[in-house]
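Asks: Listed below, chain by chain, are the residues.
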Amino acid sequence: MRIVIIGDGKVGNALTEQFCRDGHDVVVIDNNAENINQLPNLYDAIGVVGNGASYNVQLEAGVKESDLVVAATSSDEINVLSCFVASKLGAPHTIARVRNPSYGAQLEMMKEELGLSMIINPERAAAREISRILRFPSANDIESFCRGQVELVEYKLGDDSLLSGMSLKEMYHHYKIKILVCAVQRGEDITIPNGDFVLAAGDRINITASPANIAAFFKAIGGLHAPVKSVMIVGGGKISYYLTLQLLEMGMRVKIIDNDPAVCEELSETLPKAAIVLGDASEKDLLLEEGISEFDAFVALTGFDEMNIIISMYASAKGVGKVITKVHRLAFPEVIENSGIESVISPKLITASQISSYVRAMQNSISINKVESLRRIVNNRVEALEFIIRSDAPYVGVPLKDLSFKPNVLIAAIVRNGKTIVPGGTDTLEHGDSVIVISTTVRPLEFSDILQ
Amino acid sequence: MNYKMIRYILSVILRTEAALMLLSVLVAIIYRENEIWPFLLTIFLTAGTGFILARKKPEDDVIFAREGFLVVALAWVVMSIFGSLPFIFSGCIPDPIDAFFETVSGFTTTGATLLPDVEHLPMSILFWRSFTHWIGGMGVLVFVMAIVSLSDGHSMYLMRAEVPGPSVGKLTPKSKSTAVILYAIYGGMTLLEIIFLVCGGMPLFDSIIHTMGTAGTGGFSMKNLSVGAYNNAYIDWVIAIFMVLFGVNFNLYYLIIIKQFKQALHSEELRVYLGLYAAAVALVTVNIMPLYNTFSNALRYAAFQVSSVMTTTGFSTADFDLWPNFSRTLLVFMMVIGACAGSTAGGLKVSRVIILVKSLVRSMDQMLHPHKVKSIKFEGRPVDNETRHGAAIYCTAYMFITVLATLMISVDGYDLETSLTAVVACFNNIGPGIGAVGPMGNYSIFSGFSKLVLSISMLLGRLEIFPLIMLFSPSIWRRNS
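Here the protein sequences come in this chain order: A and B.
If you count by numbering that gives the first Met the number 0, then the first sequence holds residues 0 to 451, one letter each, in order.
If you count by numbering that gives the first Met the number 0, then the second sequence holds residues 0 to 480, one letter each, in order.
Everything labelled a hint here was simulated from the structure, so no lab data went into it.
Values in this document were obtained by computation on a predicted structure and should not be read as measured data.
One or more hints might be untrue.
Once the Cα atoms are required to be at most 27 Å apart in a straight line, the calculated DSSO-like pairs of lysine-lysine come out as [unchecked claim]:
{"id": "1", "chain 1": "A", "residue 1": "Lys-63", "chain 2": "B", "residue 2": "Lys-371"}
{"id": "2", "chain 1": "A", "residue 1": "Lys-218", "chain 2": "A", "residue 2": "Lys-177"}
{"id": "3", "chain 1": "B", "residue 1": "Lys-175", "chain 2": "B", "residue 2": "Lys-3"}
{"id": "4", "chain 1": "A", "residue 1": "Lys-155", "chain 2": "A", "residue 2": "Lys-177"}
{"id": "5", "chain 1": "A", "residue 1": "Lys-369", "chain 2": "A", "residue 2": "Lys-317"}
{"id": "6", "chain 1": "B", "residue 1": "Lys-55", "chain 2": "A", "residue 2": "Lys-405"}
{"id": "7", "chain 1": "A", "residue 1": "Lys-87", "chain 2": "A", "residue 2": "Lys-228"}
{"id": "8", "chain 1": "B", "residue 1": "Lys-261", "chain 2": "A", "residue 2": "Lys-87"}
{"id": "9", "chain 1": "A", "residue 1": "Lys-63", "chain 2": "A", "residue 2": "Lys-110"}
{"id": "10", "chain 1": "B", "residue 1": "Lys-357", "chain 2": "B", "residue 2": "Lys-371"}
{"id": "11", "chain 1": "B", "residue 1": "Lys-258", "chain 2": "A", "residue 2": "Lys-87"}
{"id": "12", "chain 1": "B", "residue 1": "Lys-258", "chain 2": "A", "residue 2": "Lys-63"}
{"id": "13", "chain 1": "A", "residue 1": "Lys-254", "chain 2": "A", "residue 2": "Lys-237"}
{"id": "14", "chain 1": "A", "residue 1": "Lys-63", "chain 2": "B", "residue 2": "Lys-261"}
{"id": "15", "chain 1": "A", "residue 1": "Lys-218", "chain 2": "A", "residue 2": "Lys-168"}
{"id": "16", "chain 1": "A", "residue 1": "Lys-177", "chain 2": "A", "residue 2": "Lys-405"}
{"id": "17", "chain 1": "A", "residue 1": "Lys-177", "chain 2": "A", "residue 2": "Lys-254"}
{"id": "18", "chain 1": "B", "residue 1": "Lys-56", "chain 2": "B", "residue 2": "Lys-222"}
{"id": "19", "chain 1": "B", "residue 1": "Lys-258", "chain 2": "B", "residue 2": "Lys-357"}
{"id": "20", "chain 1": "B", "residue 1": "Lys-258", "chain 2": "B", "residue 2": "Lys-222"}
{"id": "21", "chain 1": "B", "residue 1": "Lys-357", "chain 2": "A", "residue 2": "Lys-405"}
Some chain B residues well away from chain A (every beta-carbon gap over 12 Å; in silico) [what the hints assert, rightly or not]:
{"id": "22", "residue": "Val-143"}
{"id": "23", "residue": "Met-155"}
{"id": "24", "residue": "Arg-159"}
{"id": "25", "residue": "Lys-222"}
{"id": "26", "residue": "Phe-325"}
{"id": "27", "residue": "Thr-328"}
{"id": "28", "residue": "Ile-455"}
{"id": "29", "residue": "Phe-471"}
Quick reminder that beta carbons are idealized off the backbone N, C-alpha and C, glycines included.
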């Protein structure tokens, strides 16, 4: 597919990398000539220098022949205008990034009137992700599939974990809870483990099961946290705003600290139920005074990655049970993981993953057993995909052990008639099943792509 | 430095070269020549070395500018060494240095020859000699890139080092499809010229040989008198026009294919190129009128010779060494300017000359009006400082190398005209120069040392100096630099 990306910022860059890796033809428009000159050195793509909202620039970038235009510049207005021009030029799909909350109410109207296919708001998406993690604080990260029937959670084994030294076979046998470990990250390596795989302290394991079984499993291994009732947020940006709205709705107590009087003033107007504190969160005394150690959860959302990391480490040291850190530039993910910070949120990666799952769905709108939804986990390195088996393909009704799958692919869960099945070799795929597939190397477009 | 990847790319190139040599074997079979064996032996050695170097693609396939430069320079040297083996094994050019010179001259599309008599060479050797032009014209790495993807994200480093011109753009987002398109245009135009020549009564084999020489803007002929041997106005005009066409930036042909005629015809470089060509033809025609009886004959020889020299091909229909001094000097000037960037031709390139002249004019203007702000535009876009600086640096290096190489070969004791034009003709990938190396002379007069100097000059000219010079820079070989 031919894809035009307008704006070579953080999100634009993540998308360029993603799309090039997936084999699309990528054209990037940016008004910074230096960025564009550097582009072909890094990716197999070309660039056009100019204002992405301009008709002539879009013509030069070949928007007419393109299948998708993504506008992700720093300005909402340019993004919307770019997509409007692109759809008038004939681009069948356009995606705009719009993040100003004051446009929140008119998103649907803009989509309809201006011919946009999708509007993404990285801040709101990030807020949604954070609130999902806070809802189930035992895990580092959590994704749900099939309308919440299946959950995929990431959990880091602590130094004193009961599981370390245990093989997966022993573990399944010992706890007798229907769960499946579908991917393990150890250092930089990612494995799709078999039953003989032996767990070790420091591993980040990804587990699929029904929500009830996940909770039961965490209880059994002693990793279950008490539900979060109070949250301290540092930084009063857009994510904080969206997040607080959601947390308040869930009945949590929220305290926001920011050092800008104007921001605090505005937040106290828009979020009357939250406690707003004016002060510098990099001062230890302020955090202590505001009672950091009494909160169940701590979320660092300032505009500075370094600051977020440092104060998160401090919050962990003060005994806050659940700490979430926003990191915008994930240049050194290994370092952050080793620093003891457990849950990292990157709005850039969330946005890129949302858009690429849209693209994947768009790519084979004709196919029947296509990807229903796609999530990227483990720093975007593993794909978790949901398929619905709709046709009578040759693999329907065949026991899984008789099907030959490509390497590094795993069937993680099957949902049949509202019941979650943790699949074994004798299980079969039936008409109407929802299937969750984990893949590290193959990037499937439809279910048959994971078979040999 | 990713040595594994360098070894891998070199091995792919050697294996490709071995595969391409099979065509010569085919020619040898068709003409029932004994040269099958030298070719088969070379193919065995080349492919074998390729397999020894690397068998499969390394996992870490990321390369950067350093690897790009190094691999392109090494590829051209290694390719020329292996490409010279058939000449040695067949006994056509027994001396290794001579064979190396002839092969480098082929791959770099220079067309300078050491052989006083080419008409007695076996067909398969003649074919290989000219085929090196065809493959060297568009570039071997570009050819390889069209078949396999070498380094997914970073192949621009390879393409930029091999495709001539001050700034290299891709036609399509993917390097691979860009390479395929370039070769498709190249192949299509080659086929067209063969058809035109055959229609003019030239035998098929001769047409193929001369077309390959034209397409790569090389200039190896199979006749001692070059194209002049046919003494046919139609053939002269066909080859002259195709030489001019192969000197045009290939991006413009792509624009024509995707029906952007306006953009293609408004190209500033194309207009200047054709303008310079027309002016030179007119001047030479007037100047040589007294030598030829009719205007049409004078025009025919002038048009052919100017396009041959300007596009750095080097065919000849007349001994231009016998022309008046003004015409000879003008031809040497055209050699230096060369044709368009992004074509198969050598020389400084018209686009670089335009940028340099415009910079010069602006600098003089700024001396008179120190506060004046004026941006330099080329092809309707402002030229950034980096490109301007690059053009100036290139020109400096170009002059420096011309002088140095001339000094080195002057040891052989030939007059300044011969020494200088030999270097100019080799460095700009033309072939024949003026004086003892004129269209009727050849390069066998030089010593082995001078031949090596000239071979290196040809490689420097084809790769636009810098990739090859990097080979001699210590920092490229050092591990932690």
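Asks: Now look at each hint and say whether the structure bears it out.
Replies: Hints versus structure:
no.: 1; hint: A:Lys-63 / B:Lys-371; in the structure: 41 Å, violated
no.: 2; hint: A:Lys-218 / A:Lys-177; in the structure: 14 Å, holds
no.: 3; hint: B:Lys-175 / B:Lys-3; in the structure: 22 Å, holds
no.: 4; hint: A:Lys-155 / A:Lys-177; in the structure: 19 Å, holds
no.: 5; hint: A:Lys-369 / A:Lys-317; in the structure: 47 Å, violated
no.: 6; hint: B:Lys-55 / A:Lys-405; in the structure: 21 Å, holds
no.: 7; hint: A:Lys-87 / A:Lys-228; in the structure: 49 Å, violated
no.: 8; hint: B:Lys-261 / A:Lys-87; in the structure: 23 Å, holds
no.: 9; hint: A:Lys-63 / A:Lys-110; in the structure: 20 Å, holds
no.: 10; hint: B:Lys-357 / B:Lys-371; in the structure: 15 Å, holds
no.: 11; hint: B:Lys-258 / A:Lys-87; in the structure: 21 Å, holds
no.: 12; hint: B:Lys-258 / A:Lys-63; in the structure: 14 Å, holds
no.: 13; hint: A:Lys-254 / A:Lys-237; in the structure: 15 Å, holds
no.: 14; hint: A:Lys-63 / B:Lys-261; in the structure: 18 Å, holds
no.: 15; hint: A:Lys-218 / A:Lys-168; in the structure: 19 Å, holds
no.: 16; hint: A:Lys-177 / A:Lys-405; in the structure: 25 Å, holds
no.: 17; hint: A:Lys-177 / A:Lys-254; in the structure: 38 Å, violated
no.: 18; hint: B:Lys-56 / B:Lys-222; in the structure: 44 Å, violated
no.: 19; hint: B:Lys-258 / B:Lys-357; in the structure: 30 Å, violated
no.: 20; hint: B:Lys-258 / B:Lys-222; in the structure: 40 Å, violated
no.: 21; hint: B:Lys-357 / A:Lys-405; in the structure: 60 Å, violated
no.: 22; hint: Val-143; in the structure: 16 Å, holds
no.: 23; hint: Met-155; in the structure: 4 Å, violated
no.: 24; hint: Arg-159; in the structure: 8 Å, violated
no.: 25; hint: Lys-222; in the structure: 44 Å, holds
no.: 26; hint: Phe-325; in the structure: 43 Å, holds
no.: 27; hint: Thr-328; in the structure: 39 Å, holds
no.: 28; hint: Ile-455; in the structure: 28 Å, holds
no.: 29; hint: Phe-471; in the structure: 24 Å, holds
In the structure shown, a violation is registered for the earlier hints numbered 1, 5, 7, 17, 18, 19, 20, 21, 23, 24, in ascending order.
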